[in-house]
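Model the placement of chain B on the given structure of chain A, informed by the hints.
Read off the chains here:
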Amino acid sequence: MNQESSQMRVNNERLIPILITLLILGVWEGLAYSGHISVLFYPPPSKIFQTLWRLVIDGKLAANLDDTLVRLGLGLALGMVPGVVLGLSMGWSSRLRRIVDPFIAAFHPIPKTAIFPLFMIIFGIGESSKIATIAIATFFPALINSMAGVRQINPVYFEVAHNFGANTWKTFIRVILPGSLPMVLAGARIAFNNALVITIALELLVARQGLGVMIWYAWETLRTQDLYATLVIIAVIGIIANFLLQKATLAMVPWYKHSFDDEE
Amino acid sequence: MGFHCNQISKTFPVRQKKIVALNNIEFSVGEREFICIVGPSGCGKTTLLKILAGLLQPTTGQVTYTDNTDNHNPRSAMVFQDQSLFPWMTVLDNVAFGLEMRKVNLKTRHRQAQDFLNRVGLGDFIHCYPHELSGGMRQRVAILRAFLNDPQILLMDEPFGSLDSQTRLVMQEELLRIWRDHRKTVVYVTHDIEESILLGDRVLVMSGRPGSILADIPVSLARPRRRADRDHPDVVKLRWSIWNMMEDEVLRELGMQA
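Chain order of the listed sequences is A and B. With the first letter of the first sequence counted as 1, position 100 gets the number 100 in this note's numbering; the numbers rise by one all the way through. For any residue, its number in this note's numbering is found by taking its place in the second sequence, counting from 1, and adding 264.
So here's chain B without its partners, still in its complex pose:
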C-alpha cells in the first residue's frame, strides 16, 4: 500500500502558546517502497510517524492511502524507539499480540509467533520476559511483533536508536533480510544519515522545528545491501550532501549560528 501526505501540519498547544511541530509536509510513498526520514532531533519526525500510525490527528492536511480493497491486513504497525514490549507478557505473547487483537485463536497465533521466532533464532527465548533479554534482542522481538501482524505499512521510529553502534550494524542487515522476505511499505525514521542511505530506497531530509521536507533523495544503491556499502563512493558522497543540508539546522538547534 502506498500513501500520499497532503500538506500536513501539526501544532501543539504548550502553555498558552502554539508550537508548530510540522509545517506543510507533502510527499508520496509507493507500494513496497522503503523510505527513510532523516532529520535533526526535535524536528517532528516522531510526530509525523504517529500521524501516519493514526495515533495523532494532523492539525491541517490529510493522509490518503492508495488502497487495494481486497487487502484486509491492518493498515500499519509501528516499531517504537525502545521499551515498547509489554513487560508483563512473554516474548511469545508479545510477538503474537497483533494476532491476538485480530481475534486469532491462541493455538494458531502462538504457532505462528513460534515459527517466526524460530526462523530468526529466538526460539529459545519464547517464554522469557522482556527484562530478561538484551536491548538488541528486545528490538528484534519488537520488529517481529510488527512484521507478524503483516501490516500494509510498517512504521519505524528510530528502532535502533538506543543500541550500541556494533549491534546496530547487525540489526540493520537483519531488518533488510526480514524485509526482503516480507516485502512491504516501510517508513523508517532516524537521525543517522548513514543508516538512512543504507536502508532506504529514498531519503527524505527534514528541517529543524517546525519540521518540513528539505529534500527527497533517491538512493540508487543496489540491493541486497551490505555492511561494506557504507564505504561505497556514492554513499559517502550522498552522506556529505545530506549533512550539508542538515548542518545549518543542527547548528541552529544548538544555538550556534552558522
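Chain A extracted, bound-state conformation:
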C-alpha cells in the first residue's frame, strides 16, 4: 500500500516538469500572438516547430545533421579510445602516472577552441583539424575519469586477485576493467557533452555544413525561428545521447546501483 502511493508520487513528480514545460510554451505562444513580446526575438513555439518540420521535409536538416554527427562521432572515437587506454594504464601504474601526469596538468586546462587555429595550420582547414580538436576535448575527461576509476578500486580486490594467482591480463579483465567501468562511463558522458559543445563551436567558426553553420546562417539572416529550431535539435541530440549512455551504464554495471537513484 505504501509502495503503491510512493509509486504514484514518483509518477506525479515526473509529470510536473512536463506540465511546467507545456505551461511555459503556452504562455510564450499567447504573449507572442498578443504582441506583448517581440516575435523577432521570441518567435512563438508553434512557428519554431513549423520551421523544424520544414527543415526536416526539405532535407536541409538531414545534410547538416549528418556532417555534425560524423565529426562528433569520429572525434569522440579518436579521443575516447586513447583517453580510456592511457587513463586505465595511468590508474594502474603509479610510475606511468608520475611521468605523464605533469603533461596532463599542463595541457588539460588549455581551452580546446584555442588550439583549433594551430590545428588548422597543421592539419589544414578541412575536417581533420575539427576532428582533432573534438578528439582532444574528449580525450581529457575520458583519461581523467578512467584514471580515477582505477584508483578508487578497493585495494583488497587486487589482493584477492593476486592471492588467487591472477596474472596481469586476468587482473586487467576481471578487476581493473569492471572496477573502473562506472567511472569510465561517467567519463564518456562528460566527454560526449564536451564534444558536442566543441563541435558546434567549431562549426560556428569554420564549416560548410553542420548544425553550427545553420545557427550562424540563421543569425546572419536574422531568422530567429531557424535559430531556435536548430537549438532544439542540438538539445535533443544531447538528451538522447545522455539517455542512451545512462541506459548502457545500467545494463553494463548492474551491480553499481547506488549512483543511479532515479532508477530506484
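Not one of these hints is a red herring.
Computed Cβ-Cβ distance ranges for the label pairs, DEER-style:
1) 31(A) x 391(B): 55 to 63 Å
2) 238(A) x 282(B): 51 to 59 Å
3) 398(B) x 122(A): 56 to 64 Å
4) 270(B) x 110(A): 56 to 64 Å
5) 254(A) x 282(B): 44 to 52 Å
Under the rule of at most 35 Å between Cα atoms (straight-line distance), these lysine-lysine pairs were calculated in the DSBU-like manner:
6) 448(B) x 170(A)
7) 371(B) x 247(A)
8) 367(B) x 247(A)
9) 314(B) x 371(B)
10) 170(A) x 247(A)
11) 247(A) x 60(A)
Quick caveat, the hints were computed from the structure, so don't treat them as lab data. Ideal Cβ placement from N, Cα and C applies to all residues, glycine included.
Positioned in the frame of chain A, the structure of chain B alone reads:
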C-alpha cells in the same frame, strides 16, 4: 601442508620513521592444523597473515613450507575481513574465481561452484550480486570461494569481525563443519579470545605493537565443538588466562598504564 615461520620481522616506513609491525615471530604449524592467532587490534596480525599469503615480504626472516611435492593445489587462499567479494561478479563467478585463475573451463568451474553453493543452501543466490546479499551470506560466499580453490593452507583474517554476535555464533559452527569436510591447514586471525579457543587446535597470543608471540597454547577441547562449549570450564579458564596475558597490552594500547 605445514609451515615454519623463522624469525619474521616487518617494518614499515611511515613519514621518515620506521614502524616495527612484527618482531621476531617464530612458530610452526602442522599439516591440517587449525591455529588461531589472537591479539589486540593493531598488533600486526593482518600483516603476518599477508606475509603468509605472499602479499607482503617480511623485512627479515622467512617462511618455510613442509611441501609435499605431489600436491599441485595452490599453496594458500585468504578470506578477508569484509567486502572482498568482487561486486561486479555474481555469487557463482565469485566462488569460481580461483578455478578461473587456474584455467578451469567455464562449464566445469560453474558446475563445481554450483555444487558447493547448493550443499550449504546458497543455491538460490548464484546469480545474485554481492550487494544483494546480507553481510553474513557474503562472508559465507567468501569462505566457499577460498575452500573451492582447495588451497593447502587457508588464511582467515577476522572473517566474522563485522558480523553481529548472533550471526557469528552460527558462522563459527558453519566454518568448523566445512573444515571437517575439507580438512586443511588453517591460520585464523581474530581479536575475539573466545572465538580463538572454540575454533583452534592451538591459540597463539600476540602482544601489542610491535607484534610478537606471547604464548602458544594448545586447546584440548574435543571436536566436534558446539555452541555450548563456550561455557565449558576449560574454555572459561583458558579465556581468563589469555585475557590476563593480553590485558596489559590492551591497556598500553589505550594509553592506560596498568
